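K.L.:
Protein chains in written order, with my numbering: chain R, 1 to 370; chain H, 1001 to 1188; chain P, 2001 to 2529.
Just so you know, the hints here were simulated from the structure itself, not pulled from any lab data. All of these numbers come straight from a predicted model, not from anything done at the bench. C-beta atoms are modelled at their ideal positions from N, C-alpha and C, and glycine is treated no differently. Any given hint might turn out to be false.
Mimicking DMTMM-like on lysine to aspartate or glutamate, the simulated pairs with C-alpha atoms at most 20 angstroms apart in a straight line are [to be verified]: (1) H:LYS1172 - P:GLU2260; (2) P:LYS2236 - P:ASP2214; (3) H:LYS1057 - P:GLU2460; (4) P:LYS2454 - H:ASP1157.
Simulated restraints, written as ranges between beta carbons of each label pair [unchecked claim]: (5) R:LEU228 - P:HIS2020: 33 to 41 angstroms; (6) H:PHE1023 - R:LEU228: 55 to 63 angstroms; (7) H:GLU1111 - P:ALA2150: 37 to 45 angstroms; (8) P:GLU2059 - H:ILE1035: 54 to 62 angstroms.
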Amino acid sequence: MTKTTQLPGKNHKGLCMKALSSPYDKKTNSVTQMMLWVVGATLPGVFALVYFFGIGVIANIMIACTTALATESLILRLRQRPVAPILWDGSAFVTAWLLALALPPLLPWWMTVLGTAFAIVFAKHVYGGLGNNIFNPAMVGYVLLLISFPLEMTTWLPPQELAANPVGVADTISIIFSGQASNAATVDMLKQGVDGYTMATPLDHIKTQLAQGYRLPEAESAPIIEGLSGVGWQWVNLTFLLGGLALILKKVIGWQIPLSVLLGMGIVSLPLFFANSDQYLFPMFHGFAGATMLGAFFIATDPVTASTTPKGRWIFGLGIGAITILIRTFGGYPDAIAFAVLLMNMAVPMIDYYTKTRTYGHANKAKELR
Amino acid sequence: MDLITAVIILAALGLVFGAILGFASIKFKVEGDPIVEQIDDILPQTQCGQCGYPGCKPYAEAIANGDEINKCPPGGEAGVKALAELLGREVIPLDEERGEEKPPSVAYIREDECIGCTKCIQACPVDAILGAPKLMHTVIIDECTGCDLCVEPCPVDCIDMIELPQTVASWKWQQPEQMIPVKQVEAN
Amino acid sequence: MERSNFASEIPIHEIPGGIHPTEHKTRSNQAAIRTLPLAGELIINLKGQAGNRSIPVVEVGDKVLKGQMIAECDGIFSSYQHAPTSGTVTAIEDRTIAHPSGLSDRCIVIQPDGEDQWRELSPQTNIDSLDREAMLARIFESGIVGLGGASFPSHVKLKRENGIHTLIINAAECEPYITCDDKLLQEHAEEVLKGTEIISKLYADINIVIGIEDNKPAAIDALAAARESLSLSNIKIAVVPTKYPSGGEKQLIQLLTGKEVPHGKLPADLGLVMHNVGTCFAIYEAFYQGKPLIQRLVTLTGDACQKPGNYWVPFGTPVEHLITQTDAQSPKHIIMGGPMMGFELPGPNVGIVKATNCIIMSAEGELGISEPALPCIRCGACMDACPASLLPQQLFWHAQADEFDKTEEYDLFDCIECGACAYVCPSHIPLVQYYRYAKSTIRNNKIEKTKAEKARQRHEARQERLERVKREKAEKHRKAAEARKKAAEAAGKKDEKKAAVQAALARVQAKKKAQQADDKDDSASGEES
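One chain only, chain R, in its complex shape:
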């Protein structure tokens, strides 16, 4: 989308001129500013992730962002679009940043590169670049990795305080880039928790235990389950919630989508919990486990792929919340924010079409539709 800046007609000699329309006043805001705010608001969450899961999170972010910027410039050049202004809008950077936050900390580097590049090329530029994509690029990259490398993508490190062998900086770098730990310890050893078996996320743990026939109270007695959801994870979610609230206060995102995502989760999980609390998790656990807060405040609110009508935003958010709980509870994957977001992305054109606003002076829009 090349757009040149025009000088308004200023030919005092009265020759033909091109008029530029009002308004001539402009709020000082920009896409770049919005993107920077989004990145800034994730920082508390990033600190929590690093605190509990080590420096690998930072490595992921750096790999993903480098890949994104390189891919974006390359594609822009291939599409013969101006590189600098579009790179500067920061959207590729944000895509990579959010994708990296959703990846496990010791993921081999090439998977991160693959996921990010796929997100930029196929989820964004194939559709025509920023503003034209219908799927959330970060989530497309994430889902590609999840279904291609299910094992790597669901293997998280134990939170630092539960780790039998804490992972150092050198080990992290070494594992990400070569698959080998720097000292004699094997990767498997590093991934072990105090109780001896490889650690999964709390959601993963619960799912496995339930599948093995345990009841929920038994599953919840494991050391990783603590407080609102699990060790580390509750803090990760709390900090993302904090950052998200800051974005709402700064009016970078609306409050409707995050609230409706959480509401949607509550609406589906609460009846299930009351029906059988031995099998179904308490809604609060869902809210603070896995990628819930990251998804509700940072992923679902991606303006390009979300619904844009007032009613549509609610439907979009409620749908994401409901689908997430349904897949978490009845599906094969422990977490499902990514799937839920992509499924609702698909529904956006239809949602937008049927939730048109009622224009000033018009009767109800729904009646005008065929």
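Assemble chains H and P onto chain R, guided by the hints.
P.N.:
Below, chains H and P alone, put in the same frame as chain R:
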């Protein structure tokens, strides 16, 4: 046995859905304009004959029968695009042999020179020229389509095609993307 | 900016959307209202109002007096024009006019003689003695049009009496920079209220509400004081919160009544009639002083303007004159109207018209004009800002792709072009220009369509006529041939062979004649085939 059951079920399904579709096609039939009318609606009605047909309607009929959609210079690129969209055909550039897209203009008779031969009146496809034998003729500007057909027959060459000037009423805002960057010219 | 704590006298409703741009009003509302020396020539645009161009009734070389009628109206939506000062008509020609296109149109050029001599004035202070028709006639003959921006002839708006129950005086003045209504109320509140009273006398029983934004405390106080001294206690002052575009006609109606003007209807259909404070003042002058509308209050402002303030400016005064008189230092942009809905002037040699409420002479970097546009990210900020509850992002999407029927489906023509959407757009997309592009293209297409339809009908009528002439000729020939045949038969039945030969010959001849006639017709229908 299984095979036969499957075939019967599928056949039955086919019949049921076929019946539903058949019913729907009658019940919800879209009464559209016949295609010639729709094509004629898009054509600019200049009646200039540059397409090689004696008027817009005959060309519309020819298009409906498969003729190319790029033979109408007054309709211009926009016209070709609209026709392509209506007929589901490829957008093609205007046929240059038929002439080029010109800005809207009208015929103007230099009245002092007119000898009153009525040839232009007979040539005008929309009866936009007023006059009688041996008396001066004049063009009704509002009715003139700018087709050029009166220029050729005039024995004294007193008809000019004049471009319609842009007025405040006919002026329109430009599509911002198509605006050519303008260099600022300072007033001295 | 200071806010008034005057409590609104009627309940205020909500409007959706809206924005809070920087007001920039203190720059021009500090100084008292002033006048400027007359310009060297006045360029009076005959298309200076809604409707048709006025028709000049003076000729080049004529001497005119101040207030003398110089152009009469053409059609009901047009209006009279009067000489803003005494002098000589030096030209009636096309000059660049105050229009975003920068095109020229017919103007009367007057060279002032410096005397500023009024024609004979006939004030009418005894309003009660006038009937409705006489009052409307005076408003009409004074050339009064709405001074809020649309320049719609006031007498047309006031004509409808049936069902009107509320008169709303619009003093909201929500656009940044502009302070002319504010200043007018501060200094001439009594006159404005007297004008309002005149309007109210056109109706048997009417409620009067003045809608004003709370960022004009001095004007509100002046209004309240004037109401007190004139003991017009039936006038209600409605103070609305400052938010752009609360001064839009439809928006102010929604704020004050909670009702929306239905699509395709007029405020009068809700029993409402709205006038601007400037119009009320003009009506006051037309009655109490007998003066026609020949000048208006114009806000001259902007960072480049060295003597910002509000000035009484005669119509036709070139903007160039205003620039030099206020010592403006090479303004970067000259905007007529406010920054949200005004337009950039094609050049400084353009006459002030009845709708000109403000001239902004901007300094470098004062207005955020030339940011490059980035792709739309569908953030919906525009939708949240739209006072008409449209979906600006969808309108943009379709306008950009020239899908005009889609834009109409999304109610493009309910857009009031307030610019709130473009103001908040983080991608700096010139949204309003896209809407204006789509609207003007659709309008032009419709005109072309009607023209084409007419051409088609004329062409078909002509074809039919040619056909008919041909048929009639053929018929005539056939009849002639038959007559000859009968004659031959009567002449001699005996020589049947001979008769048959003769008849055949006659037929051939008839055919030939018909052929010739056809040839003539063919040549008449031109080189079509």
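K.L.:
Determine for every hint whether it applies to the structure shown.
P.N.:
Hint check results:
Our distance criterion of 20 angstroms between C-alpha atoms is broken by LYS1172 (chain H) and GLU2260 (chain P), whose separation comes to about 30 angstroms. For the given pair, LYS2236 (chain P) sits about 15 angstroms from ASP2214 (chain P) by alpha-carbon distance, which is consistent with the 20 angstroms threshold. A C-alpha spacing of about 9 angstroms is found between LYS1057 (chain H) and GLU2460 (chain P), which places the hinted pair at or below 20 angstroms, so the restraint holds. Taking the CA atoms of LYS2454 (chain P) and ASP1157 (chain H), the gap is near 28 angstroms; set against the 20 angstroms cutoff, the hint is violated.
Separation of LEU228 (chain R) from HIS2020 (chain P) is about 39 angstroms and conforms to the stated range, judged on CB atoms against 33 to 41 angstroms. Taken as a hint, the range 55 to 63 angstroms holds for the pair PHE1023 (chain H) and LEU228 (chain R), whose Cβ atoms sit roughly 58 angstroms apart. As the Cβ distance of GLU1111 (chain H) to ALA2150 (chain P) is approximately 41 angstroms, the hint placing it in 37 to 45 angstroms holds. For GLU2059 (chain P) and ILE1035 (chain H), the hinted distance range of 54 to 62 angstroms is satisfied, since their beta carbons lie about 58 angstroms from each other.
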